[in-house]
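Asks: This note's numbering puts the first residue of the sequence shown at 42, with every later residue one more than the last.
Keep in mind that the hints are not guaranteed to be accurate.
[Stated by the list, open to error] Computed beta-carbon distance windows for the label pairs:
#: 1; residue 1: Val109; residue 2: Gly60; range: 13 to 21 Å
#: 2; residue 1: Ser94; residue 2: Gly126; range: 33 to 41 Å
#: 3; residue 1: Val116; residue 2: Val166; range: 20 to 28 Å
Keep in mind that the hints were calculated from the coordinates and are not lab data.
Just so we're clear, the structure is a prediction, and the values are computed from it rather than from any experiment.
Backbone N, C-alpha and C fix where the C-beta goes; we use that ideal spot for every residue, glycine too.
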Amino acid sequence: MAGPLTFCLAFGGFLLLAGKVHFSYIYGFGVVGCLAMYGLLYLMATSPNVNISTVTSVLGYCLLPMVVLAGVNVVISLQGAVGLGLTILTVLWCAMSASKLLVTCFAMSHQQPLVAYPCAILYSVFALITVF
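Based on the sequences and whatever the hints tell you, model everything.
Replies: Here's what the structure looks like:
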């Protein structure tokens with residue numbers, strides 16, 4: 042659990058360097074998002090091996106591309122067309138990697154699009170915090 046917390050701290054640190062103090066939003070949306078994803082995966086899984094620590098670790102480690110996007114935001118503004126493209130690619134990267142790992146961990150074959158959609162919504166919130 043130290044890795045996801047480190048990524049959250051790095052994400053908040055890069056936002057702080059960009060002049061945005063959003064630590065409470067990062068942790069608040071992170072906790073609510075992890076609990077919501079845990080509930081969703083618990084209801085979708087066919088076996089009872091879904092646990093909150095695995096969901097939190099996967100979602101936290103897949104936040105790394107968003108941390109890189111926040112680092113890019115320190116150097117250049119993401120409010121133009123290039124920033125929009127980078128943000129969309131980052132959200133897709135985070136969502137696809139998280140959904141692939143979650144589907145693999147919990148043996149939910151052929152359900153990756155159903156898992157990727159809420160992951161994309163969660164990472165879109167972090168992207169909105171980064172851009173604005």
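Asks: Give a verdict on every hint.
Replies: Consistency of the hints with the structure:
1. At roughly 18 Å, the beta carbons of valine 109 and glycine 60 sit within the given window of 13 to 21 Å.
2. Checked against the given bound of 33 to 41 Å, the beta carbons of serine 94 and glycine 126, roughly 34 Å apart, stay inside it.
3. Separation of valine 116 from valine 166 is about 23 Å and conforms to the stated range, judged on CB atoms against 20 to 28 Å.
Hint violations for this structure: none, all hints satisfied.
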